[in-house]
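All chains should be modelled from the sequences, with the hints used to inform the complete structure.
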Amino acid sequence: MSDHVDVSNGLPANPEKSTIEGKNKFLGMWVFLGGETIMFATFFGTFLGLREGTAGGPTPDELFSLPLVFLMTMFLLTSSLTSVLGIISMKKNNFKAMRMYFLVTVLLGLGFFGCEVYEFWHYNHVGLGYSVSAFASSFYTLVGLHGAHVLFGLGWITTLLVRYWGKGITLANAPKFYSASLYWHFIDVVWVFIFTVVYLLTLGGA
Amino acid sequence: MATATATANKKKSVVWDWLTTVDHKKLAILYLVAGTLFFVKAGLMALFIRIQLMVPENDFMTGQVFNELITMHGTIMLFLAVTPLIFGFMNFVIPLQIGARDVAFPFINALGFWIFFFGGLLLSMSWFFGGAPDAGWTAYVPLSTREYAGSGMDFYALGLQVSGFGTLISAINFIVTIINMRAPGMTMMRMPLFCWTGLVASILIVFAFTPLAAGLALLMLDRLFMGQFFTPDMGGNSILWAHIFWIFGHPEVYILVLPAFGIISEVVPAFSHKRLFGYTAMVFATIVIAFLSFMVWVHHMFTIGIGPITNSVFALATMTIAVPTGIKIFNWLFTMWGGKLVFNTAMLCAASFVPTFVLGGITGVMLSMAPVDYLYHDTYFVVAHFHYIIIGGIVFGLLAGLYYWYPKMFGHKLNETLGKIMFWLLYIGFHLTFFIQHILGLIGMPRRVYTYLGGQGWDTMNLVSSVGAFVMGAAIVVLVLNIVYSAFKSERITVSDPWNARTLEWATHTPIPEYNFAQTPQVRSLDPWFYEKVHGEGKMQPAEPLQDIHMPNGSILPFLMSLGLFIWGFGMIMINMDNPIVPPGVVIAIGFIMTFGTMVLHSKEDHGYHIPLEEVKKIEKEVG
Amino acid sequence: MKGRKGLLRFLPLSAMLLFLAGCGEERLSALDPKGPQAQWIYDNMILSLYVMALVVIVVFTLFFIAVFKFRKKPGDDELPKQVEGSKALEITWTVVPIILLIILAVPTIQGTYYFAESPPDVEGSSQAGESGEEAPAPDESEALIIDVVGHQYWWQFDYPQGFTAGNEVHIPVGEKVWFNLTASDVMHSFWVPALGGKIDTVPGVDNMMWLEADEPGVYKGKCAELCGPSHALMDFKVIVQEPEEYEAWVEEMSQEEELPEENSVEADGRQVFEDQGCIGCHAVAGQGTGQGPALSNFADREFIANVVEFSDENLEGWIRNPEDYKQGNNMPGFQNISDEDMEALIAYLKSLSVEE
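Residue numbers (full-length UniProt numbering), protein chains in the order written: chain E, 1 to 206; chain A, 1 to 624; chain G, 1 to 356.
I should point out that these hints are in silico values taken from the structure, not numbers from a laboratory. All the pointers check out, no bait thrown in.
Mimicking DMTMM-like on lysine to aspartate or glutamate, the simulated pairs with C-alpha atoms at most 20 Å apart in a straight line are:
#1 G/K73 <-> A/E416
#2 G/K237 <-> G/E25
#3 G/K237 <-> G/E355
#4 G/K72 <-> A/E416
#5 E/K17 <-> A/E605
#6 E/K17 <-> A/D606
Taking CB as the label site, the calculated pair distances span:
#7 A/P580 <-> E/G204: 41 to 47 Å
#8 A/R492 <-> G/T92: 43 to 49 Å
#9 G/G162 <-> E/L71: 58 to 64 Å
#10 G/Y113 <-> A/L37: 48 to 54 Å
For clarity, every value in this text was computed on a predicted model and none was experimentally measured. Glycine included, every Cβ here is placed at the ideal spot set by N, Cα and C.
Okay, here's the thing in structure tokens:
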């Protein structure tokens, strides 16, 4: 077992995977995301099956505004990039840079979340209540679940930042930051699918 | 310092110890106890069901109560009885079989148990708040939606959501454990079949429980927040639920039955004194079954009107599952063939599994013929079929496992005489109850009917079936008596290997020290313990020097986090209650804060403690 | 609970009634098939049983030989030969089952398409729902297409001739009859075991199936999908008649309502039927409302609401307290009807007959 890693000469190159705990977290996170994928797939299926069921309520064409969604996409894609930069800094053992990148990630995530809250408020305002139609229910459920994931991810990264603000990178916290960034990438990938399937395909009439 | 922690651990009260334990062996026992309680509860429900159906036009209970009983019987048996019983065995045996000190995430392991437990509790609370769920364990919409079902279905949606999450994280834990924590030399193709089936079942859980979580979320949103997923007038679709449910539901069958296959694959070689025939084929058959299990869900929906093309495709896909299952059956037969069989209770259960399961399997193939299924579907024929799989397969497998691993778990064997009485009662009672139900289905009895008129030719067969149910009940009573009797009267076991078995768990001391192996063993072959007994020095070669052993600390946080989820779930259900004394929002908030608060608390680093070398030596001397 | 006991009281009588019923025994069992579809199902079930019997014989033989021949003898501590496996055997028990399955797969596909046959004159439509095609409208086809709606807990049968029957469907013998099924509330499943397979009735979806009966008689139908507390009581009957008889029945059912003679007790009952609002849900001629079973041929039935045998007492009990007989049904209880009015109402209901 490799739970004794010599750190007297600085951290190893991949601090997130040098202990057995780290390896376990790494694999566990991947498996968990595999499950999450299937859950999201189910909600995507539900949306695709029900998106035409507008029952006389507002239709996607009347609602969706691509500029806003594009802005949200940019927020989230950039935040994904900064989290990658954060992990690269971690591997270089540059704690300050990592901290900064993750902080930017959180801010961008907040920007995304703010847009989504506005988006939902707006749709609700123009008549797309949750119970108006099967389309409304399935749209809010899919996109809202993604939003909830964003919120959870923000809470997670913030907690890590607060707890380890002045502590530097260790073999114990490197896997935690790594898992959180993995989760954040996953959220980002799901958004790419939402952007494509919910907004582009629905507007494109496919 | 470390010594102080170790002794401090010992001083804790017993209750506190069990609430905070992260030891896989203790969690296994918690799983087994909780699973047994739920099993007995659901078993009693089955007896009530059979009392009601014993004679035509019985007025023992109303249709409403009957529907609540069948729903809870099915739901509890699958989610809260068989699943935890299997997890109990997996928890206990898998780390030992792969030569690990514990699972990959001991904390998550405890969390998984408590979440499952509180989820089950939440579901069971329904009896006290306006009645249990009543739309069948399949909870087909629209019957289960806000318009047609009472508050019981809220408990169903939330209770299963919570307990399902526990099951999911436990499964992730098993996957990581099996992949990352194997002892040196324990390659994948040297793993015992039980580890393989445990691994594959865990993977199935990850990919099947997540669609269920999504489906339950839809149902909850429908019931609590007026979601319109299932309302045709609002653009919804009432077949959607059936699809989602069965995408989960069919793999669920294999989630339960594969580990039972695993147990059989351990017990049969052990008492045939022969290695498992066709090990590689068995592994591949397991994987193929798992893969196919995701391709066949529509065979539960042949009559829902999905069209001849879809029905044909899924009928053929379903038939193909018979091939890998057949491979398994024949490999077990040929493991016994040419062996030296010892028929104790464990072996009786394991061996009788083979022909019984074949009967369930052939009705399975019959059901896969879509047009003929138009006859069988939703009749007692189907009821008989899946009880042959679940009792004839899973329950007999679990009992074989119980009698087999009992000495390792509790330090004494179960009484053989009582064991054999139990086996024969159960075996006879089972066939008496369910064989005849095949015919009942064919002569026109639909399933889930709470009563029937006389004069339809069903009376005698239903009576026979009910009598059989009581014989089965008697068998379970004998089993409980056996456990109590053996606890007091049975001889203590001091040897590590009372059965002269083959796999690594039998290389540990009895009772097992909390660290399992003082030195991680070096594995040199399939059936490593048998190999060392025959070709080596009769004990495992160590893969590391004797040294301080690192162990995780216990924690109350899993319990509290799960309690938080329970409170949250209950708060959600309160939204639909007419007169909630406390506003639901407050309860939801409390549960929420408790769950996420403990999560934040958990991020405090806990490095565990070390059992010092002298202590290890002392323990080894005591038990060895 | 009181009502169920009341029901039990009449049990011996109901058994006798069944025994004495002139139309002979009601057919239920799928093991006594009375139509081409049921026959097909029966034959292929037997085929699969034969094929599976092969498997059972092989497995059981091997099993019992192994169990009796290879027991450990006392004192024999030598290890048996540790066999790893056998490629030849593995291939055998992979290939042979595949062949057996192919034997079953061929009829499976044939049967699936056979049962999904559409009514003649409607081109290219398979079972509804497959490609989003609308179920054919009745007038497009020469075949008899009956629209079926499943309700908690009764069946509505709308005939193309423009009338509605409740809980009992009449069809001509020796002719393929199509059923176009849906449900108004929850899912049900339409099943006549002696005539063929079942198909679910799903709200918002139209499903199609056909049945054909070889012999006239009464065939029992069941709801096979859990639909609520009274799921077990949601029976119906298929009454198969010779073509002339069937035509006569259609003729009678298509008549406009025949009002009872003035000043008769039946006429009073008709008035009560109107005053109490019964007519809002129950049609007495022509097309039904979908709210409650049409009563056009009410007096011809053997059972009230398919649960209790037809008698004045039970009819009164049902009208006053339907919940006692069929838990969770949608008919309100009419406890306040005076005894006199009730008598008239029952007399009126008993006059609703189309048979001679």
